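Novice: Chains as they are written, first to last, in the numbering used here: chain A, 1 to 210; chain B, 1 to 162.
In case anyone wonders, no lab produced these hints; they're calculated from the structure.
The structure displayed is predicted, hence computed values, not measured ones.
Just so you know, even glycine gets a beta-carbon here, dropped at the ideal spot from N, CA and C.
Treat the hints with care, since some could be wrong.
Unchecked claim - Derived SDA-like pairs: lysine to any residue, alpha-carbon spacing no greater than 25 Å straight-line:
no.: 1; chain 1: B; residue 1: K102; chain 2: A; residue 2: D19
no.: 2; chain 1: B; residue 1: K128; chain 2: A; residue 2: A44
no.: 3; chain 1: A; residue 1: K98; chain 2: B; residue 2: Y79
no.: 4; chain 1: A; residue 1: K98; chain 2: B; residue 2: R74
no.: 5; chain 1: B; residue 1: K102; chain 2: A; residue 2: L48
no.: 6; chain 1: B; residue 1: K102; chain 2: A; residue 2: L46
no.: 7; chain 1: B; residue 1: K102; chain 2: A; residue 2: E65
no.: 8; chain 1: B; residue 1: K128; chain 2: A; residue 2: A20
no.: 9; chain 1: B; residue 1: K102; chain 2: A; residue 2: A49
no.: 10; chain 1: B; residue 1: K102; chain 2: A; residue 2: N71
no.: 11; chain 1: A; residue 1: K182; chain 2: B; residue 2: K102
no.: 12; chain 1: B; residue 1: K102; chain 2: A; residue 2: G69
no.: 13; chain 1: A; residue 1: K182; chain 2: A; residue 2: L48
no.: 14; chain 1: B; residue 1: K102; chain 2: A; residue 2: L210
no.: 15; chain 1: A; residue 1: K177; chain 2: B; residue 2: A71
no.: 16; chain 1: A; residue 1: K182; chain 2: B; residue 2: P72
Claimed, not checked - Derived, one-sided and incomplete: chain A residues facing chain B with beta-carbon distance under 7 Å:
no.: 17; residue: L79
no.: 18; residue: I81
no.: 19; residue: A92
no.: 20; residue: G136
no.: 21; residue: V138
no.: 22; residue: L191
Residue strings, one per chain:
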Amino acid sequence: MSATVAEHGDHGPKAWPDDAQYGVATGGKIGMWIFLLSDGMSFAGLLLAYGILRGGSHIWHHPGEPILGINFTAALTFLLICSSVTMVLAHAAAVEGKRKEMIRYLALTALGGALFLCGQYQEYFGIWSHGLTHEGLVFGQSHYATTFYVITSFHGMHVLTGTLYITAILVRAIMGKYDHGKADHIEILGLFWHFVDLVWILVFTFVYLL
Amino acid sequence: MAQAKKDSGQASAKKKGDGTGSAGKKASEETAAEKAVDASESGASSEHAAKAEHDHGAAVHGGVAHAHHHAPNRKEYMYIFLVLAVLTAIEVGVAQVPGLSKTLLGIALVGLAVAKAAIVGLYYMHLKHETRVLRLSVALPMAAPAVYALVLIAEGAWRLTR
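Chain B extracted, bound-state conformation (with noise of 0.2 Å):
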């Protein structure tokens, strides 16, 4: 079981590793190769190339799923940014909306304000290059004052109508 487990969360990684490959696998071996330029260039010992060689080995190895690895993309920084921007800006006005019934302005505003903090963990922390199980170790426990949250207002809007 524990063995089927470790396979599946290999097998993800290996997937995962795909999307990413051509460009983590080349921004990895370009690390590798410079670290072998300096070490010759500062006349060092072997022992330099050697370590130069093993990390090479190792990120090559590593199905290259490696998120420090992967190229960081300036463009979707971006455009995430201006997401962010535009959202917040929303928010500001929504806010501002006369007459909006509160219920609404809550669900609009939490939602905003949710969608936005998502987003910022899955592009900006990296979540979206991180492994299935590194996502699900920071969502799950972080759902629960989520879930808390939502239980108590299910009981403040049942107390309401007694």
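Just chain A, same shape as in the assembly (with noise of 0.2 Å):
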């Protein structure tokens, strides 16, 4: 009997009463929702902090400071979007008891992660071009390069933490964990990616292209 109960332990959200106000949301579910409140709110402070530096200041972009260049960054965040569809479809799969299906797609998520943080990394130091690092864009130096390095790295840790998450999410799922259309997990892994994808979403434009 204790056996079976351990064994089914996943279900036991789906048997509680639906809550009047928050419906079969489980408590997971709510509690990823608060975590990533309060995250939004880190983001809002750093974006607010940045608008006003930027607003009240005279000169933003001295001379001899690199321009960000929008294009690659556009492709990253093309990337994310990538990443966010192949989330939702992972989930899918997992709805439907698709295993392998749902695998293929966590693991595409996990590497549209992983390359984001390539593409960053390439921004900051360079790979097969200088970084902005070498072109003059010193942390400290300016509020326009403090302000870049500290929201950008922000993100790029949740983009690594996310990455870590799929892939931890990932090895459950190879080992059977969210068979049979236990997808709980798999969408409260969706919820913190797709908030990484819609913070870059706010980024790419408050810091890049205005």
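Once you've looked at the hints, go ahead and assemble the two chains, each given alone in its own frame, into the complex.
Specialist: In structure tokens, the structure reads:
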């Protein structure tokens, strides 16, 4: 009996009575949303500080400092959007109980995250060409440089965390933990990953395009 | 008062359920049926079957406003992907239009970014299928920094006029 309960422990939340306000949203999902709200406030604080510094400065972009490349970063933005699609498709496959497809899409999502990190490394330090650090964008030298590094690296840490999170869930998926439509954990992972994409959409606009 | 609130919450959940009802219900029934089959195939005890039955009962009872029980719509996901890609291309294009006033550029780019963020939240983060209360729990706190930004911009504009 106890073994049965343990084996089917993951089913627990589904058997809860529906909450009058939050419907069938599981505790895990509500917990992730609360975390994302607090995380969103952190990003909001950084972006507001950026706006205040930029709005109050006479010269934002000092001569000698490189201009941020829009096209390369637009490609990175597109990469994150692609990885968001593979994430929702992984969740769809999990709901439908298609294990192989779920694993394939999770792996592709993790790959997207890893490629984004490589792209950011190229942008900062350079792999096949000079990075911003070599081109005169020095942390601490101007508000332009400092806000750029603080905001994009804070986001980069989220991509790193997300990629590790996806990899951990991927390993569990390979172990068969999310078979037969047990998609809750995939959906919660998706919330985090889409949030990272959503924040990048805003960062790309405020830091690169404007 | 509290009771009334609760009732309206349930009512809206039911209303939502009606929209996605048939598809969601079917999916949940299939899942439960699969579980039952699994249980009997693995020669499990009646407890397995009972558990599956229980899940089935809970899923059906829930008015089927279940976010994770509503069938994922792959076509919609791909359509949203297309929209996001096109909006990104428009953003990059708009940013490089010569001679566009800074104010106009700012309004266009921020509008596009907020639209993209909302689309990701609604469709990919499934907020569209969540209850009204959960949607508001997310939207209202995140509106606060946006309002704060507007206040700061207004203050900056006012200072310029002095």
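Novice: Hint by hint, say whether it matches the structure.
Specialist: Results for each hint:
1. K102(B) / D19(A): Answer violated: K102(B) to D19(A) is near 48 Å, above 25 Å.
2. K128(B) / A44(A): Given that 25 Å is the threshold and the Cα spacing comes to 23 Å, the pair holds.
3. K98(A) / Y79(B): OK: K98(A) and Y79(B) at ~22 Å, within 25 Å.
4. K98(A) / R74(B): Roughly 14 Å between the alpha carbons, so the hint for K98(A) and R74(B) holds.
5. K102(B) / L48(A): This hinted pair holds, its Cα atoms lying about 19 Å apart.
6. K102(B) / L46(A): holds (22 Å)
7. K102(B) / E65(A): This hinted pair holds, its Cα atoms lying about 21 Å apart.
8. K128(B) / A20(A): Cα-Cα ~17 Å, so holds.
9. K102(B) / A49(A): holds (20 Å)
10. K102(B) / N71(A): Distance ~20 Å between K102(B) and N71(A) Cα, so the pair holds.
11. K182(A) / K102(B): Violated: K182(A) and K102(B) sit about 49 Å apart, past 25 Å.
12. K102(B) / G69(A): The given pair, whose Cα atoms are some 19 Å apart, holds under the 25 Å limit.
13. K182(A) / L48(A): violated (40 Å)
14. K102(B) / L210(A): holds (9 Å)
15. K177(A) / A71(B): This hinted pair holds, its Cα atoms lying about 20 Å apart.
16. K182(A) / P72(B): holds (14 Å)
17. L79: violated (11 Å)
18. I81: holds (5 Å)
19. A92: This interface hint holds because 4 Å falls under the 7 Å limit.
20. G136: violated (22 Å)
21. V138: violated (25 Å)
22. L191: Because about 6 Å separates L191(A) from the closest Cβ in chain B, which is inside the 7 Å limit, the hint holds.
The structure does not agree with the numbered hints 1, 11, 13, 17, 20 and 21 stated previously, though it agrees with the rest.
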